[in-house]
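Peer 1: If you want the building blocks of each chain, they are given just below.
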Amino acid sequence: MSNNDFEPKIVGFLCNWCSYRGADMAGIARIKSAPNVRIVRVMCSGRVDPVFVLKAFEQGADGVLILGCHPGDCHYAEGNYKTARRVPLLKKMLEQLGIEDGRVHLDWVSAAEGDRFASIVNEMTEKVKELGPFHANGGVNG
Amino acid sequence: MAKLKLALYWAASCGGCDVAVLDVNEKILDVAELADIVLWPIALDFKYHHVEAMDDGSIDVCLFNGSVRNTEQEHIAKLLRQKSKVMVAFGSCACSGGIPALANFINRDLAFERAYVEAPTNANADRTFPQLLTKVEEGELELPEFYDTVSALDQVVAVEYYVPGCPPPVDLILKVVDALATNSLPPPGSVIASEKTLCDECERVKEEKKITRIYRPHEIIPDPEKCLLEQGVICMGPATRGGCGARCILANMPCRGCFGPPAGVYDQGAKMLSALASIYDVKDEADIARMLEEVKDPAGTFYRFGMSTSMLKRKRM
Chain Z
1 MSNNDFEPKI VGFLCNWCSY RGADMAGIAR IKSAPNVRIV RVMCSGRVDP VFVLKAFEQG
61 ADGVLILGCH PGDCHYAEGN YKTARRVPLL KKMLEQLGIE DGRVHLDWVS AAEGDRFASI
121 VNEMTEKVKE LGPFHANGGV NG
Chain X
1 MAKLKLALYW AASCGGCDVA VLDVNEKILD VAELADIVLW PIALDFKYHH VEAMDDGSID
61 VCLFNGSVRN TEQEHIAKLL RQKSKVMVAF GSCACSGGIP ALANFINRDL AFERAYVEAP
121 TNANADRTFP QLLTKVEEGE LELPEFYDTV SALDQVVAVE YYVPGCPPPV DLILKVVDAL
181 ATNSLPPPGS VIASEKTLCD ECERVKEEKK ITRIYRPHEI IPDPEKCLLE QGVICMGPAT
241 RGGCGARCIL ANMPCRGCFG PPAGVYDQGA KMLSALASIY DVKDEADIAR MLEEVKDPAG
301 TFYRFGMSTS MLKRKRM
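Here the protein sequences line up with chains Z and X, keeping their order. To convert, note that position 142 of the first sequence is 142 in the numbering used here; the numbers rise steadily by one, no gaps. To convert, note that position 40 of the second sequence is 40 in the numbering used here; the numbers rise steadily by one, no gaps.
These aren't lab readings, by the way, just hints derived from the structure by calculation. Keep in mind that the hints are not guaranteed to be accurate.
What the hints assert, rightly or not - What the simulated footprint calls covered on chain X by chain Z, stretch by stretch (three residues with Cβ under 8 Å from a Cβ of chain Z suffice, anywhere in the stretch; the number is not a length):
hint, segment
1, 264 to 270
2, 297 to 306
Claimed, not checked - Under the rule of at most 30 Å between Cα atoms (straight-line distance), these lysine-lysine pairs were calculated in the DSBU-like manner:
hint, chain 1, residue 1, chain 2, residue 2
3, X, Lys78, X, Lys175
4, X, Lys135, X, Lys175
5, Z, Lys55, X, Lys296
6, Z, Lys9, Z, Lys92
7, X, Lys209, Z, Lys92
8, X, Lys135, X, Lys226
9, X, Lys196, Z, Lys92
10, Z, Lys55, X, Lys210
11, Z, Lys129, Z, Lys9
12, Z, Lys91, X, Lys3
13, X, Lys5, X, Lys47
14, X, Lys210, X, Lys226
15, X, Lys85, Z, Lys92
16, X, Lys226, X, Lys3
17, Z, Lys55, X, Lys47
18, X, Lys206, X, Lys226
19, X, Lys283, Z, Lys127
20, X, Lys210, Z, Lys92
21, X, Lys206, Z, Lys92
22, Z, Lys91, X, Lys209
23, X, Lys175, Z, Lys55
24, X, Lys296, X, Lys206
25, Z, Lys91, Z, Lys127
26, X, Lys209, Z, Lys55
27, Z, Lys91, X, Lys283
28, Z, Lys91, X, Lys296
29, Z, Lys129, Z, Lys55
30, X, Lys210, X, Lys196
31, X, Lys78, X, Lys135
32, X, Lys283, Z, Lys92
33, X, Lys210, X, Lys296
34, X, Lys196, X, Lys175
35, X, Lys209, X, Lys135
36, X, Lys296, Z, Lys127
37, X, Lys226, X, Lys209
38, X, Lys196, Z, Lys91
For glycine and all other residues, C-beta sits at the position ideal for the given N, C-alpha and C.
Throw the hints in and build the complete structure from the sequences for me.
Peer 2: Here it is in structure tokens:
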């Protein structure tokens, strides 16, 4: 498959209080964005166990997007700060395992930022399209 | 009761597990009383063809240590599986890949390059590498084929029991021997160790887990009474199965995770990463960047003994 007609599957973990509502806002405002993100609503971005990200890749995702409340705005006060530490460390580890930087993205979207949600999704989709299908680069036995 | 037939085998391993069997000291006589050993390459002179000649299922228990990384090891694992009633993954390498599985960050070509060319003790200007077949005057010599990826035993054959540890501690080995002697083995699939984490059996004083700096073991002499994680040393206790008697902790060294994940945890490395990032109590981007700098080798640290059974199993390349 050439990269031109490759439509990546991206799993999006969106927090209930800000980002999921931001995505909803994008829909209500009829802002167009790439349809590649499969959204999973979680109560907090802090609920996103790194195992979820590995599981997504294991099950065939080409990228994983994690969206939470802006720093300071977490409904549970500290949850998104934990995410802000976990995801960069996870990305450092994933690079050692041959998973490119662009395949995992953490960002902040508030309930009012429908346009921001759409642009993050579009950017991420473009980036993962450039990287190509995730399983295509596993060229070793076992 | 007729004597049990026992086989011990080593695949990709260092030999430490075989030594651990001897560490039971005088109890080894009980083992000899209980069982006839039919294969033990490190100690006894039985050959593969002796095993091949045996009836299927005629070995009662096989203690298999080491991971599987070449065709010979895979062949013998399958042979012993066929001949054995009970297959035990013995030690971290057989259970989860162990130290050899750190080779899953590279592949065969890179491993050969390192071992036969780059390593300073080599004098190999001709770049000679092991070949599957080599013709010599007397005929053809054959070597096993080396794989790109190191596997745990249960990724090659079915396994009844797991005895983790690098190497398994004596009391767990004796537990297995006693269970065999009294015919009281646990349900198949059991891990012969604790179901809980190492922290559960660690007796150090634990207070609030908040750190702002990570120390590598050579950078600090930790207080022997206090939780190592709380002192900033990466201790794998929260993501590691207990049952080892906290041997490393008692020597004031952090847990490195050789017992694998506790019951119910899929991926030891991801859990440890999550735990460590949670207790690192900073918010600014600059501080988070410092944390990333301080964790020098996250994959190697969090999956030190468990690459084969981790969710991703190996580096994509």
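Peer 1: A separate judgement is required for each hint: does it hold in the structure or not?
Peer 2: Tested hints:
Proximity of the segment 264 to 270 of chain X to chain Z, defined as three or more residues with a beta carbon under 8 Å from a beta carbon of that chain, is established by the 4 residues found. Under a criterion of three residues with beta carbons nearer than 8 Å to beta carbons of chain Z, the stated coverage of the segment 297 to 306 of chain X is upheld, 5 such residues being counted. At roughly 26 Å between alpha-carbon atoms, X:Lys78 and X:Lys175 fall within 30 Å of each other, so this suggested pair holds. Our distance criterion of 30 Å between C-alpha atoms is broken by X:Lys135 and X:Lys175, whose separation comes to about 49 Å.
For the hint pairing Z:Lys55 with X:Lys296, the CA-to-CA distance comes to about 24 Å; that is within 30 Å, so the pair holds. Distance check on the hinted pair: Z:Lys9 and Z:Lys92 sit about 22 Å apart at the alpha-carbon level, within 30 Å; holds. Note on X:Lys209 and Z:Lys92: the hinted pairing holds, with a Cα-Cα distance of about 23 Å set against a maximum of 30 Å. Distance check on the hinted pair: X:Lys135 and X:Lys226 sit about 62 Å apart at the alpha-carbon level, beyond 30 Å; violated.
Of the pairs offered as hints, the one joining X:Lys196 and Z:Lys92 holds, with about 29 Å between alpha carbons and a cut-off of 30 Å not exceeded. Straight-line distance between C-alpha atoms of Z:Lys55 and X:Lys210 comes to about 28 Å, which keeps the hinted pair within the 30 Å bound. Proximity of Z:Lys129 to Z:Lys9 is assessed by CA-CA distance (about 10 Å); at most 30 Å being required, the pair is judged to hold. For the hint pairing Z:Lys91 with X:Lys3, the CA-to-CA distance comes to about 54 Å; that exceeds 30 Å, so the pair is violated.
Under the criterion of a C-alpha separation no larger than 30 Å, the hint pairing X:Lys5 with X:Lys47 is consistent with the structure, at around 15 Å. Restraint check: the Cα-Cα separation between X:Lys210 and X:Lys226 comes to about 13 Å, which is no more than 30 Å; the hinted pair holds. Restraint check for X:Lys85 and Z:Lys92: the C-alpha separation of about 44 Å exceeds 30 Å, so the hint is violated. Distance check on the hinted pair: X:Lys226 and X:Lys3 sit about 48 Å apart at the alpha-carbon level, beyond 30 Å; violated.
Of the pairs offered as hints, the one joining Z:Lys55 and X:Lys47 is violated, with about 43 Å between alpha carbons and a cut-off of 30 Å exceeded. A hinted pair counts as satisfied when its Cα atoms are at most 30 Å apart, and X:Lys206 with X:Lys226 qualifies at roughly 6 Å. For the given pair, X:Lys283 sits about 28 Å from Z:Lys127 by alpha-carbon distance, which is consistent with the 30 Å threshold. At roughly 22 Å between alpha-carbon atoms, X:Lys210 and Z:Lys92 fall within 30 Å of each other, so this suggested pair holds.
Among the hinted pairs, X:Lys206 with Z:Lys92 is consistent with the structure: their alpha-carbon atoms are about 29 Å apart, no more than 30 Å. Under the criterion of a C-alpha separation no larger than 30 Å, the hint pairing Z:Lys91 with X:Lys209 is consistent with the structure, at around 23 Å. Taken as a hint, the X:Lys175 and Z:Lys55 pair is broken in the structure, with Cα atoms around 35 Å apart against an allowance of 30 Å. Restraint check for X:Lys296 and X:Lys206: satisfied, since their Cα atoms lie roughly 25 Å apart, inside the 30 Å limit.
For the given pair, Z:Lys91 sits about 16 Å from Z:Lys127 by alpha-carbon distance, which is consistent with the 30 Å threshold. The straight-line distance between the Cα atoms of X:Lys209 and Z:Lys55 is roughly 28 Å, inside the 30 Å bound, and the hint therefore holds. Taking the CA atoms of Z:Lys91 and X:Lys283, the gap is near 18 Å; set against the 30 Å cutoff, the hint holds. As the CA atoms of Z:Lys91 and X:Lys296 are separated by approximately 13 Å, the hinted pair is consistent with the 30 Å bound.
Distance restraint check for Z:Lys129 and Z:Lys55: the Cα-Cα separation of roughly 20 Å lies within the 30 Å cut-off, and the hinted pair is therefore satisfied. Proximity of X:Lys210 to X:Lys196 is assessed by CA-CA distance (about 23 Å); at most 30 Å being required, the pair is judged to hold. For the proposed pair X:Lys78 and X:Lys135, the alpha carbon gap of about 28 Å is at most 30 Å, so the pair holds. Taking the CA atoms of X:Lys283 and Z:Lys92, the gap is about 18 Å. The hint holds against a cut of 30 Å.
A threshold of 30 Å between alpha carbons decides the hint, and for X:Lys210 with X:Lys296 the separation of about 20 Å falls inside it, so the pair holds. This hinted pair checks out: X:Lys196 and X:Lys175 have alpha carbons roughly 18 Å apart, not beyond 30 Å. A C-alpha spacing of about 62 Å is found between X:Lys209 and X:Lys135, which places the hinted pair above 30 Å, so the restraint is violated. At most 30 Å may separate the alpha-carbon atoms for a hinted pair to count; X:Lys296 and Z:Lys127 meet this at roughly 27 Å.
Between the alpha carbons of X:Lys226 and X:Lys209 the distance comes to roughly 11 Å, so the proposed pair stays at or under 30 Å and holds. With a C-alpha separation of about 28 Å, the suggested pair X:Lys196 and Z:Lys91 falls inside the 30 Å cut-off, and the hint holds.
Of the numbered hints listed earlier, those contradicted by the structure are 4, 8, 12, 15, 16, 17, 23 and 35.
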